[in-house]
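Sequences and hints are given; from them, build the entire structure.
Residue 80 is where the sequence shown starts when you use the working numbering, and the numbers rise one by one after that.
Worth double-checking, as some hints may not be accurate.
[Said to hold, decoys possible] Label pairs and their calculated CB-CB ranges: (1) F202 - G143: 15 to 25 angstroms; (2) K184 - G160: 27 to 37 angstroms; (3) A88 - E157: 35 to 45 angstroms; (4) E157 - T209: 11 to 21 angstroms; (5) A193 - A103: 12 to 22 angstroms; (6) T183 - G210: 18 to 28 angstroms; (7) L118 - R177: 19 to 29 angstroms; (8) P181 - P110: 34 to 44 angstroms; (9) G105 - P181: 20 to 30 angstroms; (10) K132 - E108: 28 to 38 angstroms; (11) L118 - Q159: 31 to 41 angstroms.
[Said to hold, decoys possible] When the alpha-carbon atoms are kept at most 30 angstroms apart in a straight line, the in silico BS3-like pairs for lysine-lysine are as follows: (12) K213 - K195; (13) K116 - K93; (14) K213 - K184; (15) K161 - K201; (16) K132 - K161; (17) K201 - K93; (18) K184 - K132; (19) K93 - K165.
If you're looking for bench data, these hints aren't it; they were derived computationally from the structure.
Just so you know, even glycine gets a beta-carbon here, dropped at the ideal spot from N, CA and C.
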Amino acid sequence: MGSIRFELAENVLKAEDFIRLKVATGFLERPLPQVEKALENGLFNVSAICDGKVVGMGRLVGDGAMYWYLQEIIVLPEYQGKGIGKSIVERLLEHIERTAVPGTKVDVGLTAVAGKEPFYEKFGFHSSPTGMRKTVEINTPY
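In structure tokens, the structure reads:
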């Protein structure tokens with residue numbers, strides 16, 4: 080794994096960067112107004128920034144109480160394998176633990192691109208008929 084310097088920024092993801100990352104990794108290009116509304120309605124997002132450029136992202140969607148979904152965990156191909164995706168997922172999971180109701184259990188889900196399931200299994204997710212899931216016990220607030 081090559082070493083690279085990057086920083087994570089919370090809730091600064093711009094629609095243009097979202098679209099650029101999706102297209103660069105082979106996903107459908109969405110119209111700008113649709114992406115802007117999606118980002119506005121999301122719960123939380125993380126951007127990975129390297130040399131002033133957004134090279135990765137991840138979002139949380141759901142109800143913010145019982146159900147959380149990791150969405151669009153994307154890292155540009157030339158930056159993959161350098162710990163960026165791992166850092167994004169860790170930050171998203173930390174946000175859930177910081178903001179969910181203490182003393183409860185929450186369901187966290189995601190849909191993994193075929194072949195990427197082992198990456199998420201390292202975080203405790205398991206495959207189910209509807210995607211990958213894990214239950215997180217929320218102990219105390221930060």
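Hint check:
1. F202 - G143: 15 to 25 angstroms: Holds, at about 20 angstroms.
2. K184 - G160: 27 to 37 angstroms: At roughly 33 angstroms between Cβ atoms, G160 and K184 fall inside 27 to 37 angstroms, so the hint holds.
3. A88 - E157: 35 to 45 angstroms: 20 angstroms, violated
4. E157 - T209: 11 to 21 angstroms: Given a distance of about 32 angstroms, which is not inside 11 to 21 angstroms, the answer is violated.
5. A193 - A103: 12 to 22 angstroms: 19 angstroms, holds
6. T183 - G210: 18 to 28 angstroms: Once the Cβ atoms are compared, 21 angstroms apart, the range 18 to 28 angstroms for G210 and T183 holds.
7. L118 - R177: 19 to 29 angstroms: 20 angstroms, holds
8. P181 - P110: 34 to 44 angstroms: 40 angstroms, holds
9. G105 - P181: 20 to 30 angstroms: 40 angstroms, violated
10. K132 - E108: 28 to 38 angstroms: 19 angstroms, violated
11. L118 - Q159: 31 to 41 angstroms: 23 angstroms, violated
12. K213 - K195: 16 angstroms, holds
13. K116 - K93: 11 angstroms, holds
14. K213 - K184: Judged against 30 angstroms, a Cα distance of about 10 angstroms means the pair holds.
15. K161 - K201: The given pair, whose Cα atoms are some 16 angstroms apart, holds under the 30 angstroms limit.
16. K132 - K161: 16 angstroms, holds
17. K201 - K93: 29 angstroms, holds
18. K184 - K132: With a Cα-Cα distance of about 36 angstroms, the restraint between K184 and K132 is violated, given a limit of 30 angstroms.
19. K93 - K165: At roughly 21 angstroms apart (the allowed maximum being 30 angstroms), K165 and K93 satisfy the hint.
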